[in-house]
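Enquirer: Below, each chain spelled out in residue letters.
Number of protein chains: 2
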Amino acid sequence: MSDERPLILVTNDDGIFAPGIRVLIEEVLPFGRVLVVAPDKPQSAMGHAITIHSFLRLAPVEMLDGIEAWSCSGTPVDCVKLAIYKLLNGKKPDLLVSGVNHGANISINVLYSGTMSAAVEGAMEGIPSIGFSLMDHSIEAQMEHVRPVIRNVTGNAIKHGIATGSCLNVNIPQVGPEPLKGIRICRQAKANWEDEFETRLDPTGKEYYWMRGEFRNDDQGEDTDVWAVENGYVSIVPVQYDMTAHHAIAPLNTWDHALR
Amino acid sequence: MSDERPLILVTNDDGIFAPGIRVLIEEVLPFGRVLVVAPDKPQSAMGHAITIHSFLRLAPVEMLDGIEAWSCSGTPVDCVKLAIYKLLNGKKPDLLVSGVNHGANISINVLYSGTMSAAVEGAMEGIPSIGFSLMDHSIEAQMEHVRPVIRNVTGNAIKHGIATGSCLNVNIPQVGPEPLKGIRICRQAKANWEDEFETRLDPTGKEYYWMRGEFRNDDQGEDTDVWAVENGYVSIVPVQYDMTAHHAIAPLNTWDHALR
Numbered sequence: 024m025s026d027e028r029p030l031i032l033v034t035n036d037d038g039i040f041a042p043g044i045r046v047l048i049e050e051v052l053p054f055g056r057v058l059v060v061a062p063d064k065p066q067s068a069m070g071h072a073i074t075i076h077s078f079l080r081l082a083p084v085e086m087l088d089g090i091e092a093w094s095c096s097g098t099p100v101d102c103v104k105l106a107i108y109k110l111l112n113g114k115k116p117d118l119l120v121s122g123v124n125h126g127a128n129i130s131i132n133v134l135y136s137g138t139m140s141a142a143v144e145g146a147m148e149g150i151p152s153i154g155f156s157l158m159d160h161s162i163e164a165q166m167e168h169v170r171p172v173i174r175n176v177t178g179n180a181i182k183h184g185i186a187t188g189s190c191l192n193v194n195i196p197q198v199g200p201e202p203l204k205g206i207r208i209c210r211q212a213k214a215n216w217e218d219e220f221e222t223r224l225d226p227t228g229k230e231y232y233w234m235r236g237e238f239r240n241d242d243q244g245e246d247t248d249v250w251a252v253e254n255g256y257v258s259i260v261p262v263q264y265d266m267t268a269h270h271a272i273a274p275l276n277t278w279d280h281a282l283r
Numbered sequence: 024m025s026d027e028r029p030l031i032l033v034t035n036d037d038g039i040f041a042p043g044i045r046v047l048i049e050e051v052l053p054f055g056r057v058l059v060v061a062p063d064k065p066q067s068a069m070g071h072a073i074t075i076h077s078f079l080r081l082a083p084v085e086m087l088d089g090i091e092a093w094s095c096s097g098t099p100v101d102c103v104k105l106a107i108y109k110l111l112n113g114k115k116p117d118l119l120v121s122g123v124n125h126g127a128n129i130s131i132n133v134l135y136s137g138t139m140s141a142a143v144e145g146a147m148e149g150i151p152s153i154g155f156s157l158m159d160h161s162i163e164a165q166m167e168h169v170r171p172v173i174r175n176v177t178g179n180a181i182k183h184g185i186a187t188g189s190c191l192n193v194n195i196p197q198v199g200p201e202p203l204k205g206i207r208i209c210r211q212a213k214a215n216w217e218d219e220f221e222t223r224l225d226p227t228g229k230e231y232y233w234m235r236g237e238f239r240n241d242d243q244g245e246d247t248d249v250w251a252v253e254n255g256y257v258s259i260v261p262v263q264y265d266m267t268a269h270h271a272i273a274p275l276n277t278w279d280h281a282l283r
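Residue numbers (this note's numbering), protein chains in the order written: chain B, 24 to 283; chain C, 24 to 283.
In case anyone wonders, no lab produced these hints; they're calculated from the structure.
One copy or two, it doesn't matter: identical chains are merged, so the pair holds either way.
Below are the DSBU-like pairs computed for lysine-lysine, each with C-alpha atoms no more than 35 Å apart in a straight line:
#, residue 1, residue 2
1, Lys64, Lys229
2, Lys229, Lys114
3, Lys182, Lys204
4, Lys64, Lys182
5, Lys229, Lys115
6, Lys115, Lys182
7, Lys114, Lys182
8, Lys213, Lys114
Bear in mind the structure is a predicted one, so any value in this text is a computation, not a measurement.
All chains should be modelled from the sequences, with the hints used to inform the complete structure.
Expert: Right under this line is the structure:
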């Protein structure tokens, strides 16, 4: 008899040995069968990168009893592609979950995030996909309060589905003195990074640079993901991969397009 | 006397020694002063990746007479950040151009593309930004017909500006027996990749995989970038970095969000 339970693909960008993915696997396991394909090393901030100039490897990993798990030499998006087109021979999983990321992916960080890019790739494949991120970079972050969030959003996604062409970006505040206030559906805040490069000299006297940045949010909207997590709520932003700026089409049609 | 002409930042993802960036520099030079910061090696399909687990390097490069040019050890988005926050000390260029990419960046390829991610990063910084891509992967691609397109779009962008929060994705068909039919303002086609992994064995007998894919477009719209380039037109898609799926917010608000 074949197993009719939903097939759930689990990935992340912190690597298969990060604590966050283990919490995620444990919480989605009651909803179906689980296949884990995650990077063999940290792949934070890899965005939607894929590996085309080199080859990829997969290696089986012992994780939890009875769970099929593979580490992948590539990016989070490579993991999704290998899971579907190599391990599953083109069969699409019923759900994709990515995370739990050690660090927030609010506002424009959705574009830099490997965690969210894996979910976006899932959406492109027509799979209901969810990225979970915790506003705490520590590898020892407390995650107990994240568990009911995973259960709630996963259960809802299986029950209701997710709008075609979109996936969910779920950000969870750090544990604090107060319990979570609840879940809010949000838009991506209009924030930005003010970068800085720390210049150092190597032993031969040549310069090298470390990127540092300060995240600045001037968006005062109370319907944003930044507002939600800063005020004790879990934020859910539906994210689409149609990047067309439809409002910008009309002005472009007024340009003189004659080629000279 | 300070130079009052517009400052134009030029980057790409094929690397600073690719022919396409030279064509781009030559054509934007009459519009202002040029600063080139581009990867020191091919960085195709790097998406919006940035380098946070390692350091970055810059090295001066001799290109065209009187042009300041630097090769960068990182991704296309790293190049934009280093240009602004290291070389220009936080001053924003007046225009950013990226390309000319050796290969198309139509439809969802905007998400994988390093060329376009550099332009999106420029838009995030409030800089009018344009990515140019030619539908020809060959390093020896003929680019004479691309030159008037660069002149037209660059001139228009300087004259009219680009809508806040967006940048332009310009794709140019391969040179053919007919001249270009003109420029069309488009939306991103709803196409996708059907991937395939070619399995090989290394000399020790272990498997490795090469990603290959077939691009499939089932979007019949004549307002798409795919339609335009397949029919002899240059496509311009305005691209935004607000990825919120606004149409998906209402259904999500009907979910039971009680945390248990």
